[in-house]
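Next come the chains, spelled out residue by residue.
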Amino acid sequence: MKQLISFVKKEARHILRDRRTMLILFGMPVVMMLIFGFAITTDVKNVRTVVVTSQMDMQTRSAVERLSASEYFTITQTVTTPKEAERLIRNQKADMAVVFAPDFASKRSGIQFVVDGADPNMAQQWTNYATNVIVNSSGGAVNSKLLYNPQMRSAYNFVPAILGMLLMLVCAMMTSISIVREKERGTMEVLLVSPVRPLMIIIAKVVPYLVLAFAILTTILLMARYVLDVPLAGSIVGIYIVSTIYIILALSLGLLISNIASTQLMALLLSAMVLLMPIVMLSGMMFPVESMPEVLQWISAVVPPRYYIQAMRKLMIMGVDISNVVREMVILSSMAIFLLVVALAKFKKRLC
Amino acid sequence: MLKYLIQKEFLQIRRNAFLPRLIVIFPIMMMCVMPWVMNQEVKNIRVDVVDNDRSTLSRQLVQSIEASNYFIFNGQKPTYNAALKDIEKMDADVVMVIPQDFSRDLTLKRHPQVLVAANAVNGTKGSMGASYLSQIVTMKVNPSVAAMQSKMSTLFLYNKHLNYKVFMIPALFAMVMMLMCGFLPTLNIVGEKEAGTIEQINVTPVPKWAFILAKLIPYWLIAMFVIVVCLLLSWLLYGITCQGPLWLVFALAMLLALFWSSFGLIISNYSDTMQQAIFVMWFFVVCMLLLSGLFTPTRSMPHLAYLTTYVNPMHYFVDGIRTVFVRGGGFHSVAHQLLALLAIASLMEIWAVGSYRKNNL
Amino acid sequence: MIAIENICKTFGKVQALTDVSFSVDKGELFGLIGPDGAGKTTLFRILCTLLLPDAGTASVDGFDVVRQMKEIRRRVGYMPGRFSLYQDLTVEENLKFFATLFGTTVDEGYDSIKAIYGQIERFHNRKAGALSGGMKQKLALSCALVHHPSVLFLDESTTGVDPVSRKEFWDMLSMLKERGITIIASTPYLDEVRRCERVAFLNEGRVQGIDTPEVILERFGDIFNPPAIERKTASDGMNDENVIEVEHLVKAFGNFRAVNDISFTVKRGEVFGFLGANGAGKTTAMHILTGLNQPTSGKGKVAGYDVCTEYEDIKKHIGYMSQKFSLYEDLTVAENIRLFGGIYGMPAKEIARKTELLLQQLEFADHRNDLVGSLPLGWKQKLAFSVAIFHEPRIVFLDEPTGGVDPATRRQFWQLIYDAAHRGITVFVTTHYMDEAEYCDRISIMVDGRISAMGTPEELKRRFNQPDMDHVFTYLAREAKRGDD
Chain A
1 MKQLISFVKK EARHILRDRR TMLILFGMPV VMMLIFGFAI TTDVKNVRTV
51 VVTSQMDMQT RSAVERLSAS EYFTITQTVT TPKEAERLIR NQKADMAVVF
101 APDFASKRSG IQFVVDGADP NMAQQWTNYA TNVIVNSSGG AVNSKLLYNP
151 QMRSAYNFVP AILGMLLMLV CAMMTSISIV REKERGTMEV LLVSPVRPLM
201 IIIAKVVPYL VLAFAILTTI LLMARYVLDV PLAGSIVGIY IVSTIYIILA
251 LSLGLLISNI ASTQLMALLL SAMVLLMPIV MLSGMMFPVE SMPEVLQWIS
301 AVVPPRYYIQ AMRKLMIMGV DISNVVREMV ILSSMAIFLL VVALAKFKKR
351 LC
Chain B
1 MLKYLIQKEF LQIRRNAFLP RLIVIFPIMM MCVMPWVMNQ EVKNIRVDVV
51 DNDRSTLSRQ LVQSIEASNY FIFNGQKPTY NAALKDIEKM DADVVMVIPQ
101 DFSRDLTLKR HPQVLVAANA VNGTKGSMGA SYLSQIVTMK VNPSVAAMQS
151 KMSTLFLYNK HLNYKVFMIP ALFAMVMMLM CGFLPTLNIV GEKEAGTIEQ
201 INVTPVPKWA FILAKLIPYW LIAMFVIVVC LLLSWLLYGI TCQGPLWLVF
251 ALAMLLALFW SSFGLIISNY SDTMQQAIFV MWFFVVCMLL LSGLFTPTRS
301 MPHLAYLTTY VNPMHYFVDG IRTVFVRGGG FHSVAHQLLA LLAIASLMEI
351 WAVGSYRKNN L
Chain C
1 MIAIENICKT FGKVQALTDV SFSVDKGELF GLIGPDGAGK TTLFRILCTL
51 LLPDAGTASV DGFDVVRQMK EIRRRVGYMP GRFSLYQDLT VEENLKFFAT
101 LFGTTVDEGY DSIKAIYGQI ERFHNRKAGA LSGGMKQKLA LSCALVHHPS
151 VLFLDESTTG VDPVSRKEFW DMLSMLKERG ITIIASTPYL DEVRRCERVA
201 FLNEGRVQGI DTPEVILERF GDIFNPPAIE RKTASDGMND ENVIEVEHLV
251 KAFGNFRAVN DISFTVKRGE VFGFLGANGA GKTTAMHILT GLNQPTSGKG
301 KVAGYDVCTE YEDIKKHIGY MSQKFSLYED LTVAENIRLF GGIYGMPAKE
351 IARKTELLLQ QLEFADHRND LVGSLPLGWK QKLAFSVAIF HEPRIVFLDE
401 PTGGVDPATR RQFWQLIYDA AHRGITVFVT THYMDEAEYC DRISIMVDGR
451 ISAMGTPEEL KRRFNQPDMD HVFTYLAREA KRGDD
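As they're listed, the protein sequences go chains A, B and C.
For the first sequence, position 113 matches number 113 in the numbering used here, and the numbering has no gaps at all.
For the second sequence, position 287 matches number 287 in the numbering used here, and the numbering has no gaps at all.
For the third sequence, position 372 matches number 372 in the numbering used here, and the numbering has no gaps at all.
One chain only, chain A, in its complex shape:
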C-alpha cells in the first residue's frame, strides 16, 4: 500500500510539473466548450437576402417588410433581375434571393426563392423559414413542440460529445504516453527489475489520470451548467456512474496502446489515428450516425464514445431516468472489461 501511494505521488508530480501539458489539458476543455457553446451554431440568423422585383407595389412591400422584420433575414439589396441576384450570390455577397413575379400583387402568387444550395441543410432551413414568414400561417393545423431544447441551442447537442472526446483523449492518450515515456527513458527497466508487482505499476499509472479525468469531467459539467446554461437535467449520480465506466474503458485503451507503441511519438500517433479520428467522425458527435451508409454504421457500433455520448445526451439533456441508459451501460461495461482483460494480459513483465 505504501508503495502504491508513493508511486501515485510520483506520477502526480510528473503531471503537475509538466506545465505546458497541464495547460493544454485544462485549456483544451475550456476553449472547446466556449467554441462549441457559443461559436458553433446552426441558427438561422443574418441571412443576407436580395429582393428581386420590377415594381415595388403594396403587396410586395409588405412581404419584404415581413422578411426584414424577422430576426432571421437581413435585406441587403433590391435588384431587378434574377441574373443580378445570382451574381451576388456567386460572389458571396448574398445567401438567397426572393424573386417576386411581376403579377405578384394581383394574384398574390408567384414567389421564387433562389437559394445558395452549397450548404444543403442551411438552404433548406432558410427556405422553410422564409416560407413561414411570408405565408404567416398562424393557426395552422400543426402544433410543433421541440422537446428538451426549445431554443435549438447547438450546445445541448455538443456538450455530451465534447465530454466523450476529451475524456477519451485525456485518459487514453495521456496514460499511454506516460507509460511509453518510461519505456523510452529506460526507467521502466528499473521498475521491472524491482520487486513491485506489474499490476501495481499499472494501477499507480492509472490512478492520477483517473483523478484528472474526474477533474475535467467536473470542470466541463460546471461550465456547461453555469457558463453555457446547458441544463443538467438528469441525476448527477447517473452521470458520474456512466462516466466512470467510460473512463475505465478509456484507460484500458490507453494501456493497450502503450503495449503496442515503443516510442512516445508512436503512442501519440496511434491515439490520434486510432482514437481521435473515429471519435470525431463516427461517434455521432458531429455527424448523425443514422445518415451514414450501413457499412459505416456497423463500424460505428464498435466505437465506444458513440454509446457514451448517447447516454450522456439522455442523462444530461433529456433528464431521463437511469433505467433508460441500461443498454448503453451494459455495452460500455462489456467493452471496458474486454479491453481491460486484453490490456492486462498483454502487459509485459519482461522487455521482449
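Just to be clear, a hint being listed does not mean it is correct.
[To be verified] Taking CB as the label site, the calculated pair distances span:
# : chain 1 : residue 1 : chain 2 : residue 2 : range
1 : B       : P302      : A       : S62       : 27 to 35 Å
2 : A       : R17       : B       : I350      : 50 to 58 Å
3 : B       : L307      : A       : Q55       : 53 to 61 Å
4 : B       : F73       : A       : S323      : 20 to 28 Å
5 : B       : S153      : A       : M58       : 16 to 24 Å
6 : B       : P143      : A       : V227      : 45 to 53 Å
7 : C       : D366      : A       : L4        : 35 to 43 Å
None of these hints come from the bench; they were simulated from the model.
None of the values given here were measured: they were computed from a predicted structure.
Heads up, the beta-carbon is just placed ideally off N, CA and C, and yes, glycines get one too.
Model the placement of chains B and C on the given structure of chain A, informed by the hints.
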C-alpha cells in the same frame, strides 16, 4: 546549396517507412470514406404516431409519412406518454399525436391541431424533422395554405438536389491539406532537433531562409499532389467536378499549404519535443477548423466569434474554395480571399524564417 | 553467486549471444568488456530477468532467471546505461521513490548509501534533470543501492563522465565490494577495467576470454592496447599563424558564469586538446567558437572572423562534429557526403571526385549505399569526422568525438585526426579519455569556467609533477569548487 537541401528532404521522406504511404493513402482514404461520414443530411427520422382519431384521414397521414424518404414509421403507440418513453430511449425521434375526432372537427372547421413533438437535443435534426412533418400534415389538411405554398417555388442554386457531398468535398480538401501540411513539417524540424542533426546544420553557413525553404518546398509539392488526387477522386467517385476555373483551386490550395507549413515550422521552432509540438498544433487545428465555417455557417456566430474569422486563413480558404468549386466563381469572386490568404501566409513565412534560430540557442 | 551456462539469445537474424558461460563468486568485482554491440547489455538484461534466454540457464544468488523472477528482482540492483532517473523529480524524491519501490525507506537504507548520497545530499531539492553527469550517476547508484542488494549490475554507467567523477565512482564500488556485494560492471575505460578482479572479454556475442585484467588486456593487446600512433613531425602544416584567438571571453547565463574570462590562442595545424570536467564550461566555449552562441563579453577571432559579429562567416571556414554524432541516419554514406559538400557550396564535380577518394581512404567503397544508421558506431564516428573536414575547413571542432568505442577504433580515429592536422587543418578537440589527451600538441584544462593550465602534455606533467595526464587532470579538477552549482 538549396538544391542539395531539397534533395535531402525528399530522400528522407522517401526513406521513411511510413510517410510515402501516408501521403498516398491518407487522401485516398479521406476521399473514399469521409464524404459518406460527413453528412449532416437529416433523414431516417423515426416517427411514433399516436392516432386517437382512427379515421381515413389519419390513416392517409400515416401512409404519407411512410412514403416520405425523410421518415421511418416506427409504429403506433396507444398514448403520448408511451411514445415519449420511446423518445427517452432514443428509439424514436418525433411523436405525432392526432387528436380525437380530428377528421370530424376539420370538416366542421374547428381548427383541430395535430401535435408534433420532436426530440431537439440535436437542434437541426429536431426542427427540420418537425417542419417536414408539419408540411406533410398541412398539405393533407389545409388546402388553402397548401395552394399558396405551391405557388412558392424554390430554386437551389449550384446544388439542385441538395447533395451534401457537394458541400463537404471542398471542406475535405481543406482538412486533408491541413493535416498533411500542418503536422508533417511540424514533426520534421522537431525531429531534427531530437536527433541532434539540427546542431550540425547550424554550424554550417546555410542561410536561414534556405533551410526553411528547403523544408517547405517538398510539402508544397506534396500538397499539390494531394489536391490533384482529391480532385480526381471527387470526379471519379462522386462525379463532382469543379465549376469554376481550376487554376483558382490550385492557387488557393498553394496559399493554404504555404500557410500551414509555415505555421507548422513556427510551432516546431518553439517546441523542444514532438509531443509538445503535436499538442500545440492540435489545439490550433481544432480551433481554426471549428471556427472556419467548414461545418457551420460563420454568419450565425456571435459577433465576437465572427471577428476571429477575419484572421482565420481556414475561413478564407473554405469560403474561397466553395465559391470556386461549387458556385463556379471566377477570380473576381475570390479575389479578396486570395489576397487575405496571401497576406497571412507570407506573414507566417516571414515569422517562420525569423523564429528559426541558428545562433544564441 | 552468479552462474551462467550456455546462454544463447537471438533478435531476429542477429545472434546477440552465443554459448556464453561463466560464473562470478560472491563479493567479486567482475568486469564485462567488449566493443559496441558485443552483447553486454543483452547479457545484463537476461541476468536481471528482463529478457528470456533462448537457450541455456543462468542463476543469480542461487535463483533461476527464468523461473524465479520475483526472488531475483528482490535482490539485484541494476543501473542501465542511460541514467534511469526521473528527470522532473528532485534528488530526494527520486531516492524516496526508489526506496519505497523496493519496500524499504531512505532511513533504513541510509547507512549503505551514506558515503555516496552524502556527496549530493545538499542538492536534495534540485531536479535530477538539472544535475551534471557525475552527480546523476551518484544519485542513480544511491537509488540502486538503497535496498541492500546482494548483486549490482552496472551497464556502462560511466560513459561520458569526466575522469575525476569516474575515479570517485570506482572508489565507491571498491567500498561496496568490501561489504560483500557482488558487482558486475561493463565499461569502455581501460583504467576502470584494471580495477576489476576478473574480466570477461565479449566479442560478437561470444566470450573470448576470462581472466585478470592484466592477462586479458595483454592477450587482446591489439584491441585494448594498440601501438601508439606516430605523429609525423609537425612539418609544413604548423606555423605561427594564429587561427583562434580568444581574449577574456565570458558567457553568463543570469548570474552563472559558464565561461569565466578565458584567453588562449591556437596555431594553424595544431591539435589542441580542450579538457575539463563535466560542467566546467567546455561545450559553452565551443558553441561560442563555432558561432552557435555569442559571448557576453570579451573578444574572440576564429579563422580571422570575429565571434561576436561575423559568426556566419566563421561557419564557412570550420567543420564541426558533436558528441551526439550528427549525420542523417536515414541517408546513405554517399548522400550524407554529398549533402554536406553541397551545403558548403562545393561544385558537384569536386564533390563526386572527393567522395570517391574519401570512400577509398576509409575503405568504405562497398558501403557507399548503406544507410548511415546501419553502420557500427566506430564507423559512424570516422565518417562524421571525414564529413566535417570534407570541405577543407581551416579548423575542425570535435566535441567528445570518440565516446563509447574501444581503444583500437579510437586509435584509428586519431590517425585520421593526425592526417588532417598534417594537411594544415587545425583540430580543436574535447575528450574524457586521458590517453587521447596525450596525443594532443597542446592542452588546456578548464576548471570552473576558467582555464587553469595550458601547455604541451610534457610541460604539464613536469609542472605538476605527475606521471601522466590522468593524474594531471585529477590533480587540477579536484580543486573545482563550484562542482555543479
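Each hint tested on the structure:
no.: 1; hint: B:P302 <-> A:S62: 27 to 35 Å; verdict: 31 Å, holds
no.: 2; hint: A:R17 <-> B:I350: 50 to 58 Å; verdict: 35 Å, violated
no.: 3; hint: B:L307 <-> A:Q55: 53 to 61 Å; verdict: 40 Å, violated
no.: 4; hint: B:F73 <-> A:S323: 20 to 28 Å; verdict: 26 Å, holds
no.: 5; hint: B:S153 <-> A:M58: 16 to 24 Å; verdict: 23 Å, holds
no.: 6; hint: B:P143 <-> A:V227: 45 to 53 Å; verdict: 49 Å, holds
no.: 7; hint: C:D366 <-> A:L4: 35 to 43 Å; verdict: 56 Å, violated
In this structure, the earlier hints numbered 2, 3 and 7 are contradicted, and the remaining ones agree with it.
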